[in-house]
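From first to last, the protein sequence lines stand for chains A and B. Position one of the first sequence corresponds to residue 1 (our numbering), numbered consecutively onward. Position one of the second sequence corresponds to residue 1 (our numbering), numbered consecutively onward.
Interface residues of chain B toward chain A, partial, derived using beta-carbon atoms under 7 Å:
no., residue
1, Leu-83
2, Thr-86
3, Gly-96
Quick caveat, the hints were computed from the structure, so don't treat them as lab data. Note that the structure is predicted; figures quoted are calculated from it, not measured. We put the CB at the ideal spot given by N, CA and C, even for glycine.
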Amino acid sequence: MSRAALTPNRFDVALLAEWRKLTSTALWWVLGIGMAAYLAFMGAVLAFTFAAAPPSPDTPAITGVDAALAVLGTLNAIGYVFPLLVGTLLVTTEVRHRTLTQSLLVEPRRGVLLGAKLVVAAAVGLLYGVLGVLGLLATAAPVLELAGDGIFLTDPAVLRVLGLGILVTGLWAVLGAAFGAVVPNQVAAIVAVLAFTQFVEPIARLGLSAVDSLSGVAAFLPGAAADAVVGASLFGEISGGDLLPGWAGALVLLAYATVLTVVGRYTTFARDVA
Amino acid sequence: MDAPVLAVEALGKSFGPVRAVDDLTFEVHPGRVTGFLGPNGSGKTTTLRMLLGLVRPTDGRALVGGRPYGEHPVPGALVGAALEATGFHPGRTGLGHLTAYAPQVGVDRARCREVLELVGLGPAGDRKVGGYSLGMRQRLGLATALLADPPALLLDEPANGLDPEGIVWLRGFLRHLAAEGRTVLVSSHVLAEVQHTVDDVVVIAKGRLVHASPLAELAALAGVSTYVEAPDAAALAALCAQRGWAASPRDRGTQVDDVDAATVGAAAHAAGLELHQLTTRGADLEDVFLRLTGAVS
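Looking at chain A on its own, in the form it has when it is part of the complex:
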């Protein structure tokens, strides 16, 4: 009588379902286009700054491949709020619109549902990374080519920064989904993400690095850890804070995601859905 003659691999079908949930509303492309446009704008501003900076005796001009690295290295420092938001919303919309019930009816194993969301978050995060890179290049490349020393797209250091930037953007989305599992109230989650990324972390990084005994702690903030992975950030330059080694930064980000996932799994994803 039933049409489901075959038992499909539960994780595969959960992934397909999550992907369809994500792509069947406007949110993902609106945020994706937003990220590309924002980075295009910032890419133009930064490229002009470096290309047009008058030589000054105080600060050595950033030129050549360094200018290209400085612009392209801002991908996640500037754009990380977008993958963080899309990841968070992947979980919180289900609570907000009460679709969690239906999701758990077709997949009662809550770990499978949460796991599928994390994987889809990583995928859309990587996609956002690519979109962000395209946005940056769309404006920074012509400006640096025409007014500066060029974009050096084939330089291994430039490629490395871009690749790592995309990777970290994927990690941010995973972190967002895990955070959404801990704070399922959508409005609270969005406010928390915006407040943390726009105010709390920047101020904390400046504040902590100003105090000698605490300056090491700042390196463990998620934004600083992400900067460490990419190895270049506008903010890192300004704050002058010490960063962790790249691999350690990646581990710190993964640790945040793991802790948040475990907490979410045993709170939000363990509760009765009434």
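Model the placement of chain B on the given structure of chain A, informed by the hints.
Below, chain B alone, put in the same frame as chain A:
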């Protein structure tokens, strides 16, 4: 696949100090439409959610085909459920909603279109759910439940928001599904809504079972009553009092409870009382339901 029996065994659920469901035991069998009845807040939705693994019981068990819902390999294809508080993303189309849940019950897009047609949402499937009426949302919920053509259906207040035409259609549709041998459980807080659809009734109040039987046995509980009209109302009242009958004014005459028409007629004849009407009244199921659930003492 055989249609599963739904079994609730000594089921209990506490939310803090509130005992939502208490020592509840009943079974729902294939080939019949079972009405799960009780006033709002009597624990129906909590019970259904425990059957579907969404709420964890404090005591007892709720089983589908002898196992907890979540232990079946493809539970969404075994039991199709439409629960009252289930939501839809307003920015997703009806078809988008169905295709998002299709992979996990093992069906394709063509089947999604098919169920949209089946519930009468065909052309609306490409519109966003945000613009749907309550009745259309009910139909989309039903379409979601029917996706995998499941052998068991569990519908929470499915008539809410449906227009009269839709209710008649739903009635016929549920009878049809049961006739195919499926297990069909329908909850409602109004007996009249499902009276013409169900074979069996399970009635709960304040989280406890108050009645479970075929509908006919519930009707028997209503007892007999006789409606009498006499031009000399005072003489009729005196006769009832003399015989010790429970009489109450009803419409333009008198209702005599627990006495059949022949007995009332014979007594009136013996007393030389003129009668203008003497009728056996049909069982008033709603009265029985209200009495059972404590709404009427």
